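*Asks:* As a plain string of letters, each chain reads:
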Amino acid sequence: MAAIESPSPPPSSPPPRPAARWTDEQVDQLLGNLLRLGVIVATVVAAIGGVLFLARHGFEPSKGHVFVGEPAELRSVGAIVRGAVALRPDAVVQLGLVLLIATPVARVAMSLVAFILQRDRVYVVVTAIVLALLIFSLSGGIRG
Amino acid sequence: MSVLAFTALVIIGSVSAGLLGALTGLGGGMVIVPMLTLLFHVDLRYAIGASLVSVIATSSGAAAAYVKEGYTNVRVGMLLEIATTLGAIGGAYLAGRIGTGAIAVIFALVLLYSAYRSTKPLAEHIRTEDDDPLSRRLRLASTYPTPKGLEPYGVHNVPAGFGLMALAGVLSGLLGIGSGALKVLAMDQLMHLPFKVSTTTSNFMIGVTAAASAGIYLSRGYIDPALALPVMIGVLLGALTGARILAGANTKVLRRIFAVVIVALALEMAYKGISGGL
Chain P
7 MAAIESPSPP PSSPPPRPAA RWTDEQVDQL LGNLLRLGVI VATVVAAIGG
57 VLFLARHGFE PSKGHVFVGE PAELRSVGAI VRGAVALRPD AVVQLGLVLL
107 IATPVARVAM SLVAFILQRD RVYVVVTAIV LALLIFSLSG GIRG
Chain U
520 MSVLAFTALV IIGSVSAGLL GALTGLGGGM VIVPMLTLLF HVDLRYAIGA
570 SLVSVIATSS GAAAAYVKEG YTNVRVGMLL EIATTLGAIG GAYLAGRIGT
620 GAIAVIFALV LLYSAYRSTK PLAEHIRTED DDPLSRRLRL ASTYPTPKGL
670 EPYGVHNVPA GFGLMALAGV LSGLLGIGSG ALKVLAMDQL MHLPFKVSTT
720 TSNFMIGVTA AASAGIYLSR GYIDPALALP VMIGVLLGAL TGARILAGAN
770 TKVLRRIFAV VIVALALEMA YKGISGGL
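Heads up: the protein sequence lines correspond to chains P and U, in order.
Under the numbering used here, think of the first position of the first sequence as 7, with each following residue one higher.
Under the numbering used here, think of the first position of the second sequence as 520, with each following residue one higher.
To be clear, the hints were calculated from the coordinates, so they are not data collected in a lab.
Here the structure is a predicted model, which is why all the values come from computation and not from measurement.
Treat the hints with care, as some may be off.
[To be verified] In silico lysine to any residue, SDA-like type, Cα no more than 20 Å apart, as pairs: (1) U:587 - P:73; (2) P:69 - U:522; (3) U:715 - U:669; (4) U:715 - P:112; (5) P:69 - U:587; (6) P:69 - U:715; (7) U:791 - P:112; (8) U:587 - P:35.
[Said to hold, decoys possible] Some chain U residues near chain P, calculated using beta-carbon distances under 8 Å: (9) 557; (10) 576; (11) 735.
Every residue, glycine too, gets a C-beta built ideally from N, C-alpha and C.
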C-alpha cells in the first residue's frame, strides 16, 4: 500500500490533480457540515409541522397514546411527502422526522462518494454494503 | 389532558431524560423509554420509536463536532456499521415478533448492566503498534489529537469487535437505544482504541445504527409524530445542556446518584414487563 504512495514525483512534473482527490481531513469537514445541516433542516421542518399541529389540535383531548399503529399516510416516505405537500400538520412533522432519519443515510452516501474519489476499493465495498442495508430498511424492509 | 398540555409535559420530561442521559453517559434513549412508559403510560412500541428518533438527533448533532475535531476513526466506524446495521435490522424485526413484556424485561437487564458499567470506569489500554494483520489490510490504524500533538494508535481484534457490535445493533433495534455502552466496550476493551476515539466513533455509528431500525419502525406505524417530535426536541435540548454541564462537573458523584434512579427505573420496568402491566 505504501509503495503506491511513497515514490515522490520527479521535481519537474506538475502536481497530480490536486482537486480530484479529497484528503481524509477534507472529507471529515464535509461530513461534519452535512450532519449539522441535516439535523437543523429536519428540526425546523418538524417544528413548523408541530406548530401547525398544535394550532389545529392543541385543545383537543390527548389520545393517551394507547397503541393503535399510525395510519398508512404516515408510514411510507412517498405518502408522507404527499401529505406534507398538502400541508397536513402530522405529515409535515413526519417529513421532518424522515429527514432526520435520512441524515445519517446521506452521510453514508457522501462517504461512499469520497471513497470512490479516493479510489479506496475496500471501503467503497464496505460503504456500499452499509448504504444498501439502510436503503433496504427505509424502503420498508421486512414487514413483520 | 389536552394535546397541548401532554406535549408540554413530554418536552419537560424529555429535557430531563436527555440531561440525565448525558450526565450519566448512558444516553438519552436509556432514560426516555422507561420514562415514557412508566410515567406517561405511553405504549412501549411508540416509546421505542420516539426514542430512536431522538437518538439519531443527538448522535448526529454531536458527531458533527467530533468528526471535525479529528477524533473519529471513520474507517473503523464504516466497517463496524456493517455489523450494527445488520444487527439493528434484525433487532427491529425481533421487536415485531416478541411481546412487549419480554422487551421490557430485556430493557431492564440492559439498563441495569449499563448503570453498573457507568459507575465502574474501565482502564484505557492503547496499543500504539499497528501489528494486527487484518487491521493492516483494512488500514484501520490512525492518529488522534493529544496535548502532545497527533499520536498514532493501532486497532486489534477486529472480528471480536465486529461480533460485539452486531449484538449492540440488535439491542439498538429492539430497545430503541444507542447501545453506546456496548459499542465503547467493544472498541476500548477489545479493539484497544483510545477512549476519546472509541466514544466519538461510537457516537458517529449510533446515528446510522438507529436509522437502520427507524426505517422499519416507521413502516410499521410505530413512529407517532405527535409523540416523537416533543421527545426529539426535549432530548436534544437536554443532551446539549448536559454536555455543557459535564465540562465542569464532578461526574463521579453525579453518576452514583443517578445510578440509583436508573436501578429504580429498571426494577419497575422489569416488574411491569413480568406482571403484564405494559
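*Asks:* Decide, hint by hint, whether the structure agrees.
*Replies:* Going down the list of hints, with the structure as the test:
no.: 1; hint: U:587 - P:73; verdict: violated (41 Å)
no.: 2; hint: P:69 - U:522; verdict: holds (8 Å)
no.: 3; hint: U:715 - U:669; verdict: holds (13 Å)
no.: 4; hint: U:715 - P:112; verdict: violated (25 Å)
no.: 5; hint: P:69 - U:587; verdict: violated (43 Å)
no.: 6; hint: P:69 - U:715; verdict: violated (44 Å)
no.: 7; hint: U:791 - P:112; verdict: violated (39 Å)
no.: 8; hint: U:587 - P:35; verdict: holds (5 Å)
no.: 9; hint: 557; verdict: violated (13 Å)
no.: 10; hint: 576; verdict: holds (6 Å)
no.: 11; hint: 735; verdict: holds (4 Å)
Checked against the numbered hints given earlier, this structure breaks hints 1, 4, 5, 6, 7, 9; the rest are met.
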